[in-house]
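Novice: Here is how the chains run, residue by residue.
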Amino acid sequence: MKKIMKREWLDFIKQQEGIIALAAHKKPKKPIMSWVCTYTPLEIIIAAGFYPYRLLPAHIDPSLANSYLDSNFCPYVRSCLGEGLTKKSAYLDNLIIGNSCDAMRRLYDAWRHYVPGSFIYLLDLPRNNSPKALEYYQYNLQRLIEELESRFAIKISEDLLYQAILVSNKTRKLLTELSHLYAKERISISATEFLQIIQEGMISPPEEYNIFLGKFLDDLKKEENILLTDSQIKDRPKVLISGTVMDNLEIARVIEDCGGKVVFVDMCTGERYFSEPITLGETKRSRSDLLRLIAEYYLNKVPCPRMVNLEKRWTYLLKVIKDYEVKGVIFYNLKFCDTSMFELPVIRERLQKSGIPTLCLEGEFASAISGGLKTRIQAFMEVLEFV
Amino acid sequence: MSDDFNDDFKSGLIKKIAKNSHIYELGNRGARIYFRKSSKSFKLWLDFLFYQLKEAGKRKRPVVWTNIYTPSELIYSLDLFPIYPELISGVLASVGLANYFIETAESKFYSTDLCSFYRVAAGLVLKDWFPAPDLIISSAQLCDGSTKFFHNLSKYYNCEHYLIDSPYYDDEEANSHRYLVAQLKEIASKVDKITGRRLSQERINYVFNLANQTREDILKINELRENIPSPLSGWDAMAYILYMFFSSLGTKKGWEFYQTLVQEVKEKVDLKRGAIREEKHRLLWLHQIRPYYPNEIIQNLQENKGVISFEEVSQVYWGALNPQRPWESLAQKMAANFGVGPIERRIKVIYDLVKKYKIDGVIHFSQRGCRQSCGGAYIIKDFLQEKGIPMLLLDGDGADSRNYSKGQTRTRIEAFLEMLS
Amino acid sequence: MLVAGLDVGSLTIKAVVLEDNTIKDFTIIPTGAEINKLTKDCLELTLKKTGDYFKDLKIIVATGYGRISIPFADKSITEITCHALGANWLNPDTRTVIDIGGQDSKVISVDKEGRVVDFVMNDKCAAGTGRFLEVMAQALGVKTEDLGKESLKSRRKINISSMCTVFAESEVISLIAEGCAKEDILRGLHEAIANRIGSMANRLRLENTITLTGGVAKNTGMVQALKKRLKAKVYVPPEPQIVGALGAALAAQKMAGNNI
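Protein chains in written order, with the working numbering: chain A, 1 to 387; chain B, 1001 to 1421; chain C, 2001 to 2260.
Here chain A stands alone, though its shape is the one from the complex (with noise of 0.2 Å):
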């Protein structure tokens, strides 16, 4: 019975997919704007009177763009472009990219090239949080905002702007809570569904997503959902997963079938997607008082290993592993990744110290988990219940 109510909601999570498969290719409501990167201020899309809507084509073999960027490239990136050259959807119409990495510039160059007649933004970004950062990420906000005005024929007034940021608050508000009932209550969902519930929201138009997760919330807290006992947690060696884009869920699946308990994914589909909401405050704010915390907020957020600041990042997974017990961590980066490739041998070295143990897998993005990766995790997960 308890399980059903479960269900509906997962059910509802489909029904939702339906919603924005709708807007890709029939008349949505809104019209719908891509975005690649986490930096990327979804206010800004909102307040523009955009459906915001992740590009993750998990379901586009990257090498469909390899006569277009080389195959030693970003998988993700390329699957981005493969589906950008199908032109089939709606969705492919319109596309921010933010400037994360040499992948995201180069992506910005080869759909400029061979997606003709689409909309296409590349939002520069900083690589710190310094104020100097900041100011400059500020001005770069200002000159999207004006660049979809003009584009559009659109205004993004003060008013427009602040009633975004109330609805990307709620997301980030529910997700957060959600994160946390994930993580430390004894709720029965699994780590594949939490990423779903997740990514979900990165392409469903945000209202309705953030009224069907404030019931899917009410419903879980309630004790009847409260199905896992003491001793079904305390035997499951407790895991954080961390990497940049989470293509395949069943990774989650394998972890969790394996004996593992998944309690904390630090990836760009996962728990980096969001961070505490912005303070707004009582007072009505100007537009550039509004842009400087949008921007104070995505450049103070859990950063991502494209930000030059390998402290903050650290110190964040040292704070995760010691709130949520995690044993063991798992790497799981797309091939070709710079920036995490970089990052991996210092922190790995630093957990090992810390004796954490580790696994560092790669993706190939949109591809089928293989019989080796599933024999490593196994095995990973049988040296973490002898730590």
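A hint or two may mislead.
To be verified - Across the chosen pairs, the derived CB separations fall in these ranges:
| no. | chain 1 | residue 1 | chain 2 | residue 2 | range |
| --- | --- | --- | --- | --- | --- |
| 1 | A | E311 | B | R1273 | 32 to 42 Å |
| 2 | B | I1033 | C | R2205 | 50 to 60 Å |
| 3 | A | D219 | B | R1345 | 50 to 60 Å |
| 4 | C | F2072 | B | S1094 | 30 to 40 Å |
| 5 | B | R1345 | A | K284 | 39 to 49 Å |
What the hints assert, rightly or not - Interface residues of chain A toward chain C, partial, derived using beta-carbon atoms under 10 Å:
| no. | residue |
| --- | --- |
| 6 | D61 |
| 7 | N66 |
| 8 | S67 |
| 9 | Y68 |
| 10 | S71 |
| 11 | G214 |
| 12 | L217 |
For the record, the hints were derived by calculation from the structure and aren't laboratory data. Where is the CB? At the ideal position from N, CA and C, for every residue including glycine.
Since the structure of chain A is provided, determine the placement of chains B and C on it from the hints.
Specialist: Okay, now just chains B and C, sitting in the frame of chain A:
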């Protein structure tokens, strides 16, 4: 004696030796004798290389490790002593030592998919066989790998890392310049605190004037290289000359080097002596680097009468620096880099070079592990093809010889030149 | 005028003897350690068949991976130029040549004179080459020459995701363990290679007619998969393996003609 002890002992000994400046003095003399028949400019480079290594060991001035796209004029103005790990990697590859360091880096989880130059440098650092830096300054221009690599170094050596974050757009409204200027000024004031000295206008004048004079000489060389037959092979330009191009601007030694090089190139032009005996195909080489370990590429080109007439990396993209406005000029130099920003910027420069140097064919060296350059290669190829200029994407690796396949490389080059015939 | 073309490949050596623009005869033998000697033998064998003598050969041109190890050849030319010449001679409508050889595969754009306009080659690994198929045939216990025939029996689509020879082999082994039919796995492999070659071919502006050369072109399953992937007019010469050697012989003929 156990093997472990033996290894520790050896490694300790090498560390001691490698950090002793006398060893570089000896090395310098040895190299001078070994290369006695080489050109004067090559010997001047050898002296410069060993001078850098010697001085870094003496530590009279703060040693800064920096990357090639940090203007060396900044470093010398701040009276710091630079070491360029990227360039050192190239030198190590050319003497056949790269793979040793690469393996060290890979054993410490540096992925084989990363740029091999940084794997060499990481290995060198992990072995601790090199004078440590007091400070790290790096520019984020062009590639992510560099930024992250230099950041890691600051962790290994427990020192500060000043990043010059680089804006994507070369903004007319000068906001991206403003961001660069603010960062440069901040670095200068922080360095002042470290050195305990104040940045002097006199020093800036001295360094900038030298840099400007050197820039004039490079421009002269680039002009001379328009001559047919090509007086200077890009193969050399991308080796020791490139080392000077990135690391010596703003020094007296750098200026002397380029003055000598101008003479050498001019002599060849006057004698109508080309870099190769029979020049049939004039080629433009794309990418900052070429393979440095022993390889047959240049022979393959020569046998088929192909000469690298020019290479994009030698393009002087910046204007003369103004010592009265040092930060603005340096920001302008950085912002003018055509490798930054939309690909059209690079394409424009490439096409200008094709016309200027009467290029028959273009080779893009697709360095494995390089995203920034390879990511734009197809767009460049499409553009050039429309203009009737054939382009070869030559897969390879600049420092990791394990990724070099002699036969396949030869086939690609020969087929390309057969196609140009 | 009698000339010869030699294609010294990584798996086989091919010799073609050409007289006045007509193929007199050809020989294909497997490659071994002594490339120079084997190539000589291959040529002698062909000459025996035609009843000619080595000294009658005006010009000998060598191509292929081992082309530079042949001292008795007058010139060496890359297989890219040779495949273009050979394919053009066999079918003047050829605008694209796809050569799937033992160690590498290439796609070549050709003009109506048989000149190379552009070309691409595979990465340095064996994925999408004859060698790759050989390894897979071994893993499946199928003879190399039966690969195509077997794969055409397939009724079910299986996706093979790995293209690395080592990984694909283990993937194939686990598919066998799961009870998948040989022919389905084979079809999956052929489709995977076709996709890989297809995406490589797309780097060039593909134009009809596409001529398939190299040993793998004898594999009917591979030809089918490629036709499907490329959606183009595909021409397979009767002896696809000798196109490189033929091209070398044609180059030799041209050289000899110029000398007269």
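Novice: Next, verify each hint and record whether it holds.
Specialist: These are the hints, each one checked on the structure:
1. Against the hinted window of 32 to 42 Å, the Cβ-Cβ separation of E311 (chain A) and R1273 (chain B) comes to about 57 Å, which falls outside the hint.
2. Take I1033 (chain B) and R2205 (chain C): their Cβ atoms lie about 55 Å apart, and the range 50 to 60 Å holds.
3. Under the hint 50 to 60 Å, the C-beta atoms of D219 (chain A) and R1345 (chain B), about 54 Å apart, fit the expected range.
4. Range check, F2072 (chain C) to S1094 (chain B): about 37 Å between beta-carbon atoms, so the 30 to 40 Å window is met.
5. R1345 (chain B) and K284 (chain A) have their C-beta atoms about 42 Å apart, which keeps the hinted 39 to 49 Å range intact.
6. Annotation: interface hint on D61 (chain A) holds; nearest CB of chain C at approximately 8 Å, less than 10 Å.
7. The interface hint given for N66 (chain A) is met, as the beta carbon of that residue sits about 4 Å from the closest beta carbon of chain C, less than 10 Å.
8. Satisfaction of the interface hint for S67 (chain A) is found here, the shortest Cβ-Cβ separation to chain C being roughly 4 Å, below the 10 Å cut-off.
9. The interface hint given for Y68 (chain A) holds, since its Cβ lies 8 Å from the closest Cβ of chain C, which is under the 10 Å cut-off.
10. Hint status for S71 (chain A) relative to chain C: holds, with the closest Cβ pair at about 7 Å, below 10 Å.
11. Because the smallest distance between the Cβ of G214 (chain A) and any Cβ of chain C comes to about 39 Å, over 10 Å, the interface hint for this residue is violated.
12. Checking L217 (chain A) against chain C: minimum C-beta separation of about 37 Å lies over 10 Å; hint violated.
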